[in-house]
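Participant: Put together the whole structure using the sequences plus the hints.
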Amino acid sequence: MIEFHLDTRSGVSPYRQIVDQVRRALRLGLLNEGDQLPTIKEVVGQLAINPNTVLKAYKELEHTGLVAPRPGVGTFVTATLRDGSLAAHGPLRRELVRWLAKARRAGLDEESIEALFRDAFRAGAEQDIA
Amino acid sequence: MIWLAWRQFRAQAAVVFGALAVLAIVLIVTGLRLRHWYDTDGLANCTTGDACDALTSWFTGRYSWLQTLLSNVLILFLPGLTGVFWGAPLIARELESGTYRLAWTQSVTRTRWLAGKIAVVGTASVAASALLTWMVSWWYTPFDKIAHNKFDPTIFSERDLAPIGYAAFGFALGLIAGLLIRRTLPAMATTLVGYIAARIIVVYWIRPHFQAPLHITALLQQPGAGSARAAKAPAVGQIPQGSWIVSTKLTDPSGHSVGAIRIPLGSPCMATNSCVAGYHQTLTYQPASRYWPFQWYELTLFTGVALILIGFCFWWINGHSLRPASGGAAHASRPDATLPSQQAPAPVQ
Amino acid sequence: MSAVLQADGLGKRYRRRWALTDCTLRIPSGRVVGLVGPNGAGKSTLLNLAVGLLTPTRGRIDVLDAPPALGPAELARVGFMAQETPTYSGLSVADHLRMGARLNPGWDRKLAEDRIAQLGLDPAQRAGKLSAGQRAQLALTVAVAKRPELLILDEPVASLDPLARRQFLQGLMEVVAEQGVTVVLSSHLIADLERVCDHLIVLIASRVRLAGDVDQLLATHHLLTGPRRDPERLQAGQQVVSASHTDRQSTLLVRTDEPILDPAWTVEPVGLEDLVLAYMSPEPTGRGGLTGVPR
Chain A
1 MIEFHLDTRS
11 GVSPYRQIVD
21 QVRRALRLGL
31 LNEGDQLPTI
41 KEVVGQLAIN
51 PNTVLKAYKE
61 LEHTGLVAPR
71 PGVGTFVTAT
81 LRDGSLAAHG
91 PLRRELVRWL
101 AKARRAGLDE
111 ESIEALFRDA
121 FRAGAEQDIA
Chain B
1 MIWLAWRQFR
11 AQAAVVFGAL
21 AVLAIVLIVT
31 GLRLRHWYDT
41 DGLANCTTGD
51 ACDALTSWFT
61 GRYSWLQTLL
71 SNVLILFLPG
81 LTGVFWGAPL
91 IARELESGTY
101 RLAWTQSVTR
111 TRWLAGKIAV
121 VGTASVAASA
131 LLTWMVSWWY
141 TPFDKIAHNK
151 FDPTIFSERD
161 LAPIGYAAFG
171 FALGLIAGLL
181 IRRTLPAMAT
191 TLVGYIAARI
201 IVVYWIRPHF
211 QAPLHITALL
221 QQPGAGSARA
231 AKAPAVGQIP
241 QGSWIVSTKL
251 TDPSGHSVGA
261 IRIPLGSPCM
271 ATNSCVAGYH
281 QTLTYQPASR
291 YWPFQWYELT
301 LFTGVALILI
311 GFCFWWINGH
321 SLRPASGGAA
331 HASRPDATLP
341 SQQAPAPVQ
Chain C
1 MSAVLQADGL
11 GKRYRRRWAL
21 TDCTLRIPSG
31 RVVGLVGPNG
41 AGKSTLLNLA
51 VGLLTPTRGR
61 IDVLDAPPAL
71 GPAELARVGF
81 MAQETPTYSG
91 LSVADHLRMG
101 ARLNPGWDRK
111 LAEDRIAQLG
121 LDPAQRAGKL
131 SAGQRAQLAL
141 TVAVAKRPEL
151 LILDEPVASL
161 DPLARRQFLQ
171 GLMEVVAEQG
181 VTVVLSSHLI
191 ADLERVCDHL
201 IVLIASRVRL
211 AGDVDQLLAT
221 HHLLTGPRRD
231 PERLQAGQQV
241 VSASHTDRQS
251 TLLVRTDEPI
261 LDPAWTVEPV
271 GLEDLVLAYM
281 SPEPTGRGGL
291 TGVPR
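Residue numbers (my numbering), protein chains in the order written: chain A, 1 to 130; chain B, 1 to 349; chain C, 1 to 295.
Please keep in mind that the hints were generated in silico from the structure rather than gathered at the bench. Note that the structure is a prediction, hence the values are computed from the model and not measured. Check each hint, because a few of them may be wrong.
Not close to chain A: a few residues of chain C, all C-beta gaps over 10 Å, as computed [said to hold, decoys possible]:
#1 Tyr14
#2 Arg60
#3 Asp65
#4 Ala94
#5 Arg109
#6 Val196
#7 Leu261
#8 Trp265
Calculated Cβ distances over 12 Å to all of chain C for the following chain A residues [unchecked claim]:
#9 Arg9
#10 Arg27
#11 Gly29
#12 Gly65
#13 Ile113
Here are a few chain B residues that face chain C, going by a calculated C-beta distance under 10 Å [to be verified]:
#14 Trp3
#15 Arg7
#16 Val26
#17 Ser97
#18 Gly98
#19 Thr99
#20 Arg101
#21 Ala103
#22 Trp104
#23 Ser107
#24 Arg110
#25 Trp113
Ideal placement from N, C-alpha and C gives every residue a C-beta, glycine not left out.
Facilitator: Okay, here's the thing in structure tokens:
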């Protein structure tokens, strides 16, 4: 069962964080079809947040077709964000780790690495659109 | 509510009623012995004579420690003390500690809450004094038969019915003190003072007038010539035994009331045995036959006042918001002069 | 949408001082409502009026469409936890539950016992020996086990350490999730309320300064920074809540329903705590401030 955590300083609203964490879990294969999400009571009992917040998050996930409630039982995953790319995650991750090591050896600090990545990411995205 | 009132009260009740149970055993044992002596030693028939006096004084000295305990401690204090220790804290403690805010937000009304407390603690207060009074009255019966002094102010207050009224009054006084003062110790002190004041006022100014007292006037008689003994007051002998002499008055031959008769030594009247000639003594008294009616009057008076006070408590507790004396908003208040006095419109859905 | 609490011109005076002035409120149901304000602002007074422990000097207040504490039926629908959590120190935890069972016809015994067990409280332990956090949990249990429609909590976490505070709020939110009860809780710490409240009332110096759904409040308040500017020259429809200036720069917190079109301003969202603090601070220099009349 997935467990949520809340970052109060991130500036992202709590309900958004829950939605994002569910989506991330789906993408990484931590949640599969048929898995049950924690009940609202369980979530608020752990995070001490308003139940309406969790309800709102689950409703949005339901709206995007990812989960569906089963009355009296709970909320269950009905779709997955995983594509066939999960298989590629492993090798890609290894390559990324190697690249990071190379960047550090070249003398880049963390901030520069992040800036470089973001720049390349944005440039790549723009290229895709164009 | 009865359960809760009892649960809060049971320890105190156990102490007092346990002590009363122990006392009962002591009184039964000693009281039976006293009755035995009274019956077998012929004290009932003994009225005059030196032998009689000796027997009487022997008897009245029996169990003097117990007599002191009962008359000067227990029956004197218990009715007032239940008011001070059970009545005053009953509401005051809840107001002072804030637990009333827990009790009054359950699903019972304040009336029912108060009624439950009174039912348990008020009844116990009255019952304790009633038990003690009856035990003491029973135990003292032989002494009272000899002394014929049940109508005397102090003894009257310790027999038969009167202490029951005192207990009810003491409890009600404590209750209202606690309700209005809202702090336990000041309420207890106020109850004690009020109780004592009320008892004194009744004894001296009200009880003598439950019924119009009777009067009797008689000439003073000088005792044997040359003797320095006090003049006999034959008036005393004319009133029924066991009556309560409320007051006495001396009047001189011309009809003026005097405090005392002063006769210088060697006055001529001593020879003619006429020093107190012409002096009258007037007794104001309540005859012994009125003892029981007066006991009922006293009981009714104190119980009636108690009921009025309790009724007031019910009225008060429902109509008034009770901010306790320690302060409902327990924080220092900020002066509101620093902020603008207009109110921003509050957009509410 | 029905209102659980409605106040009209409510005022309460103690001797010379007005603890609450001209309070007009409408609290919708199904919310967790935070009542925030500095010490002495009148929060306790308002909550005590709502449960009938105080009677109004002026105006009126209705709770669940009836005067507070009108009778046993009305008392049963509202659960209350008073400031500083009064409990009977001589009575045990189990005794408190027994008291609740006897004084409340709607008492859910299983709920109470389950909660006590889940909290790990010893039923035989006297309430006077419990820690502050445990007493707060006990008081909450007594308040919720009668299954009220409205729960009013007066500074429930004020004197609790951070762990106890978190545990209390967790338990409270579980109750809300399970029973759907409307909650009104007061605090002088906004951080406590930020997590759990979706409706906010700000009470300062015995008056209501701000009231509304948190989402809406956050959406309509913005922090504007830009070159030094006289607040008078803002566009219409904007209400300045607070303003501060240096010789070069102006920072304004404004409230508006319309978008900010002036390109000179950098517009940022406001956090709830900063928002409330802005209302709490004294009237700013310049026009408007808290009069609330948009131009």
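Participant: Per the CB criterion, is Val26/B less than 10 Å away from chain C?
Facilitator: Nearest chain C Cβ about 31 Å off; hint violated.
Participant: Determine whether the non-interface label on Arg60/C survives the test: each CB of chain A must be over 10 Å from its CB.
Facilitator: Holds: least Cβ distance 30 Å, greater than 10 Å.
Participant: Beyond 12 Å from chain C, beta-carbon-wise, is Arg27/A?
Facilitator: The claim stands: Arg27/A keeps its Cβ more than 12 Å from every Cβ of chain C (closest is about 27 Å).
Participant: Is the Cβ of Leu261/C farther than 10 Å from every Cβ of chain A?
Facilitator: holds (24 Å)
Participant: When the nearest CB of chain C is found for Trp3/B, is that gap smaller than 10 Å?
Facilitator: holds (5 Å)
Participant: Just want to verify: Arg109/C was marked as not at the interface with chain A; is every Cβ pair farther apart than 10 Å?
Facilitator: holds (20 Å)
Participant: Min Cβ distance, Ala103/B to chain C: is it shorter than 10 Å?
Facilitator: holds (8 Å)
Participant: Verify that the Cβ of Val196/C lies farther than 10 Å from every Cβ atom of chain A, and report whether the claim holds or is violated.
Facilitator: Non-interface label fails for Val196/C: nearest chain A Cβ at 5 Å, not farther than 10 Å.
Participant: Does the closest beta carbon of chain C sit nearer than 10 Å to the beta carbon of Arg101/B?
Facilitator: holds (4 Å)
Participant: Would the stated hint for Arg110/B survive a check requiring a Cβ distance to chain C of less than 10 Å?
Facilitator: Holds: closest Cβ of chain C sits about 8 Å from Arg110/B, inside 10 Å.
Participant: Using Cβ atoms and 12 Å as the threshold, tell me whether Ile113/A really stays out of contact range of chain C.
Facilitator: Fine: 28 Å to the nearest Cβ keeps Ile113/A off the interface.
Participant: When the nearest CB of chain C is found for Thr99/B, is that gap smaller than 10 Å?
Facilitator: This interface hint holds because 5 Å falls under the 10 Å limit.
Hint violations for this structure: numbers 6, 9 and 16, all remaining hints satisfied.
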